[in-house]
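Engineer: As a plain string of letters, each chain reads:
Number of protein chains: 4
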Amino acid sequence: MSAASFRALHDRLRGQVPWGTADRRGALNHITPERVAAAAGEVRLGRSVTLAAPLARSAPDNPEPGTRHMKRLPGEPSDVPGVSFAADQLVMNVHGDVDSHIDALCHVSYDGTMYNGVKPDAVTCQGASELSIEDVRNGIVGRGVLLDVPRLRGVPWLEPGDSVGAAELAAAEAAQHVRVGPGDVLFVRVGHRRRRAEHGPWDVAKSRAGLHPTAMAFLAERQVAALGSDSNSDTAPSVVEGVAFPVHVLAIQAMGVHLLDYLQFDDLVPACEAAGRWSFLCVVAPLRLPGGTGSPANPIAIL
Amino acid sequence: MSAASFRALHDRLRGQVPWGTADRRGALNHITPERVAAAAGEVRLGRSVTLAAPLARSAPDNPEPGTRHMKRLPGEPSDVPGVSFAADQLVMNVHGDVDSHIDALCHVSYDGTMYNGVKPDAVTCQGASELSIEDVRNGIVGRGVLLDVPRLRGVPWLEPGDSVGAAELAAAEAAQHVRVGPGDVLFVRVGHRRRRAEHGPWDVAKSRAGLHPTAMAFLAERQVAALGSDSNSDTAPSVVEGVAFPVHVLAIQAMGVHLLDYLQFDDLVPACEAAGRWSFLCVVAPLRLPGGTGSPANPIAIL
Amino acid sequence: MSAASFRALHDRLRGQVPWGTADRRGALNHITPERVAAAAGEVRLGRSVTLAAPLARSAPDNPEPGTRHMKRLPGEPSDVPGVSFAADQLVMNVHGDVDSHIDALCHVSYDGTMYNGVKPDAVTCQGASELSIEDVRNGIVGRGVLLDVPRLRGVPWLEPGDSVGAAELAAAEAAQHVRVGPGDVLFVRVGHRRRRAEHGPWDVAKSRAGLHPTAMAFLAERQVAALGSDSNSDTAPSVVEGVAFPVHVLAIQAMGVHLLDYLQFDDLVPACEAAGRWSFLCVVAPLRLPGGTGSPANPIAIL
Amino acid sequence: MSAASFRALHDRLRGQVPWGTADRRGALNHITPERVAAAAGEVRLGRSVTLAAPLARSAPDNPEPGTRHMKRLPGEPSDVPGVSFAADQLVMNVHGDVDSHIDALCHVSYDGTMYNGVKPDAVTCQGASELSIEDVRNGIVGRGVLLDVPRLRGVPWLEPGDSVGAAELAAAEAAQHVRVGPGDVLFVRVGHRRRRAEHGPWDVAKSRAGLHPTAMAFLAERQVAALGSDSNSDTAPSVVEGVAFPVHVLAIQAMGVHLLDYLQFDDLVPACEAAGRWSFLCVVAPLRLPGGTGSPANPIAIL
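Chains as they are written, first to last, in our numbering: chain A, 1 to 303; chain B, 1 to 303; chain C, 1 to 303; chain D, 1 to 303.
Please keep in mind that the hints were generated in silico from the structure rather than gathered at the bench.
Hints should not be assumed to be uniformly reliable.
The list cannot tell twin chains apart, which means a pair is met if one copy fits it or any two copies do.
Simulated crosslink set (SDA-like; lysine to any residue; CA at most 25 Å straight-line) [said to hold, decoys possible]:
1. Lys119 / Pro18
2. Lys206 / Arg153
3. Lys119 / Arg24
4. Lys206 / Ala59
5. Lys119 / Gly20
6. Lys206 / Asp61
7. Lys206 / Gly82
Could you put together the complete structure from these sequences and hints?
Structural biologist: Right, dumping it as structure tokens:
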């Protein structure tokens with residue numbers, strides 16, 4: 001895709017943002033109270049499943065792994081009477097290279113601005129004074145829909161570098177008898193996690209399956225509220241000349257669509273199969289990190 | 001409360017655990033699929049609110065504050081073409097002294113064992129091989145009920161050192177026209193956050209309002225699945241001779257009740273008032289930390 | 001001291017820097033090979049003492065304490081045959097509020113530049129591309145001289161807010177029969193650590209003993225290579241109108257004098273007394289932190 | 001080498017420790033004041049060089065890289081008047097897999113004890129109550145000697161898996177006209193860093209050049225005070241049946257010899273060549289980490 005075509009697509013999608021210049025919530029505005037209430041109706045089996053993967057160890061796709069260290073062991077002498085505690089400390093990158101997380105809208109700057117014209121200098125060493133993850137402190141609660149592209153294709157996973165366009169998303173909808181609608185949190189499975197589980201991790205900075213930038217027009221049209229994937233939604237290498245993460249740019253910077261990266265659907269897929277449905281109540285609860293550019297997250301699907 | 005009385009209470013509550021020696025989920029077993037589905041019916045307004053407080057700064061009650069540091073600024077030259085990113089790193093204690101978090105069942109050891117007889121040596125420097133927070137990876141999803149004790153008493157908060165017993169919980173139920181039932185996640189407000197907001201932080205290790213240990217019999221009888229508070233549920237100083245955190249011991253170690261500590265209800269209370277109800281759908285989504293003794297968390301109430 | 005007077009002092013001291021615009025080592029240039037060799041002659045007793053304090057815990061002067069956590073315990077099962085290890089991880093601020101450390105020349109920016117006209121944008125989220133602590137990777141090795149101001153005054157310590165001027169430094173020289181000369185590392189004791197040990201920590205951001213800015217002219221005249229103190233060399237409140245850390249500005253930004261902050265001289269003072277001399281070989285070995293703005297350090301005095 | 005032979009060697013070397021059961025300094029006892037004073041006489045050129053490598057990035061031999069993050073940028077608005085600061089935070093493993101560091105004597109446990117019979121339970125999650133790096137708080141100051149084994153062999157480096165025995169150390173002494181003596185800090189170059197620089201990092205856990213365990217008898221006989229290497233002194237795979245790090249066991253646990261791991265000699269070798277000598281004054285200044293199992297370090301050689 002040429003730089004000029006991408007720019008035109010970007011400008012068109014950005015131009016469709018209807019919430020005014022003061023808006024900081026982006027496509028989460030699509031989630032109205034009515035839609036939250038309706039999404040609760042998706043709960044029928046009373047079953048919840050995690051969409052996150054466990055904190056990953058060092059690997060070719062995880063050069064700065066998060067670590068968790070013990071501070072206290074319950075088997076050691078305690079400093080308080082009558083009880084002893086186990087406690088630990090966490091050190092992790094918020095945008096862990098392969099750890100499940102949500103990107104705040106301040107995460108991406110393109111052409112000199114972040115979402116809705118906010119200037120990059122709103123982010124300093126002290127954090128983001130605008131568009132931080134605190135804007136999502138009440139969570140993302142809405143209807144989730146999973147589109148399973150490898151299932152559509154009859155393959156275990158998409159090969160790194162492959163991409164998913166709008167037509168294929170529509171085809172997956174048809175095959176799965178579900179239709180993505182306004183305020184939905186869309187999850188697109190490309191099989192990244194399954195390939196990693198079977199073949200081991202690789203350098204995803206160089207090759208990764210994801211969405212084609214043109215698919216974002218589909219999301220805009222359907223008024224999707226947020227987008228998650230078992231990859232990071234962007235392909236590598238980029239299909240756009242001169243722009244490394246075009247889906248990040250379109251989603252976060254142009255459309256205000258929060259991204260959920262490196263999720264896992266190994267629990268969700270069989271749950272959806274058992275339920276005979278690909279929609280569910282979805283709850284994403286970012287940590288409350290003032291000024292934060294995102295948060296590690298464990299999105300929960302409730303069927 | 002004498003050590004002997006506490007021991008008797010402990011043994012009685014522990015003896016009521018009905019899930020067999022292999023159980024690792026404790027009172028979460030009270031949350032059946034039917035109850036999850038029913039809890040979804042609590043959603044009527046389509047409104048979600050956070051029950052977590054923002055990551056706290058250094059203070060008398062927060063001697064080892066978590067920190068969040070920038071790794072990349074969007075206003076600086078980018079290492080990828082056409083886009084720049086904001087990114088940060090998080091360093092925090094899982095049981096942050098005043099940060100909202102969930103305790104895993106491995107968090108507490110009493111009398112030489114953790115929950116259900118698991119030995120403390122199941123927790124090593126590598127983490128917990130049993131009873132870790134990974135056992136809650138699918139989240140806690142159920143009906144939440146908030147009992148507001150200062151509201152009952154007509155005071156802004158309970159003074160540090162004060163405690164709430166079973167009778168007062170029952171009185172709050174009556175006053176609020178709600179009844180705690182099997183599988184509920186019970187939230188007890190003691191006003192800790194409001195006092196902190198108005199008077200500033202103090203050394204909570206020395207004085208803190210919480211539940212009286214005898215209140216745990218009420219929770220057992222009602223088959224509560226988990227317990228959260230704006231304090232850490234335990235009073236300081238302890239009302240039990242020789243046992244520093246008796247509610248932690250009874251809840252986590254004896255009954256298998258996960259605790260949610262240092263929550264905030266400033267958003268929930270007005271939301272409940274607006275809804276005219278004190279129950280809601282509750283979703284707690286711990287991070288996936290293999291071996292972890294707990295997790296920072298942002299519980300979400302959906303009304 | 002008025003802002004104008006300070007500005008004049010600053011400009012005069014900065015104007016005396018003789019090493020050209022490309023210089024990045026500042027006053028360390030005063031340490032010539034001949035002076036290093038001569039400094040080795042200071043070693044007579046064959047005794048070394050630390051000038052650092054142990055990593056400090058949370059305290060009113062240490063709101064973000066460094067932490068050290070275990071990663072492996074030797075008493076636990078080992079993952080390698082025949083041996084087991086103890087290992088830990090360190091998390092600490094490089095300019096720990098009360099931990100002994102060295103400031104790199106990029107640490108201070110005044111009037112839009114760092115040392116020798118380097119622009120602040122040489123420091124990004126990736127670190128300092130100029131004036132980083134890597135410029136001191138071969139250590140600071142030279143003659144150290146300790147001037148003990150409380151000893152001169154016959155008091156245990158200087159009260160917070162008090163300051164030491166040039167005349168008093170000269171008086172301490174005379175009283176101790178030592179003369180600070182070219183290439184020396186000057187240590188000025190104000191008794192901060194001793195006061196802290198006896199009265200407990202206090203909020204040093206508000207009150208702290210240190211050097212008077214005019215004392216820096218004395219250091220310039222004597223061609224001092226680096227300056228260390230048991231405080232951070234600057235008084236609080238500042239004696240300069242509108243400039244918070246005037247000694248930091250003059251030393252680091254104007255003169256290129258590296259500062260060593262929050263040292264302790266409790267071991268050095270009796271060693272000097274025993275030696276009957278106040279000069280010694282001094283070795284400061286910063287960690288090799290590419291892009292770093294300083295380093296925790298344990299300066300060693302060898303008598 | 002059979003397990004039995006190793007055990008015999010271990011017991012023999014351990015049996016030679018002459019400092020009594022209360023000793024906690026081990027072979028550092030060989031460094032007497034007289035030897036420190038004599039070592040100062042090694043300084044002739046007045047030149048100091050670092051023996052540490054810069055903090056390493058993620059690599060096959062560095063799966064948990066240390067990180068350094070900015071806390072403040074000097075180009076951003078300052079929270080104090082008239083000056084702005086650059087500051088950062090450090091997160092690193094003390095025994096960084098490829099970062100230069102010193103092992104404390106509590107680092108190794110073998111056969112149920114650490115050095116001099118100290119039990120492993122002296123190390124808890126709170127750190128080491130005995131044999132911690134605080135025992136070296138006054139630094140290691142003494143004569144350093146570099147033996148360059150690749151130079152002796154006429155090769156750029158020893159291949160991973162290769163080992164250096166006592167005879168080869170003696171041959172290197174003869175070739176370099178230097179003799180290792182009581183209280184010396186011995187540095188053995190195997191060329192690890194040079195191979196890494198030319199061929200890139202590899203998985204050193206599987207293959208690594210080092211010393212042969214029998215070489216430790218040579219060190220004991222010569223009364224070496226500490227041992228450093230550009231590898232970690234141990235070969236991989238181990239040459240001893242059933243014991244993974246035999247040199248660590250013999251040095252630290254049996255003999256009380258502190259190890260300095262993953263140093264670099266690229267600056268020292270040409271400095272020694274220029275000086276025409278392979279001995280120098282050596283200063284190692286560990287950070288003051290109470291309870292610590294070691295410390296990152298930048299040993300300084302002064303010629």
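Engineer: The structure should be examined with respect to each hint, and the outcome stated for every one.
Structural biologist: Now the hints, each set against the structure:
1. Lys119 / Pro18: This pair counts as within: shortest intra-copy Cα distance 19 Å, inter-copy 41 Å.
2. Lys206 / Arg153: Only inside one copy: lysine 206 and arginine 153 sit 24 Å apart there, 41 Å across copies, limit 25 Å.
3. Lys119 / Arg24: For lysine 119 and arginine 24, the Cα distance is within 25 Å only inside one copy (13 Å; across copies 34 Å).
4. Lys206 / Ala59: both (14 Å within a copy, 16 Å between copies)
5. Lys119 / Gly20: Within one copy only: 16 Å inside a chain, 38 Å across chains, cut-off 25 Å.
6. Lys206 / Asp61: both (10 Å within a copy, 21 Å between copies)
7. Lys206 / Gly82: between (54 Å within a copy, 17 Å between copies)
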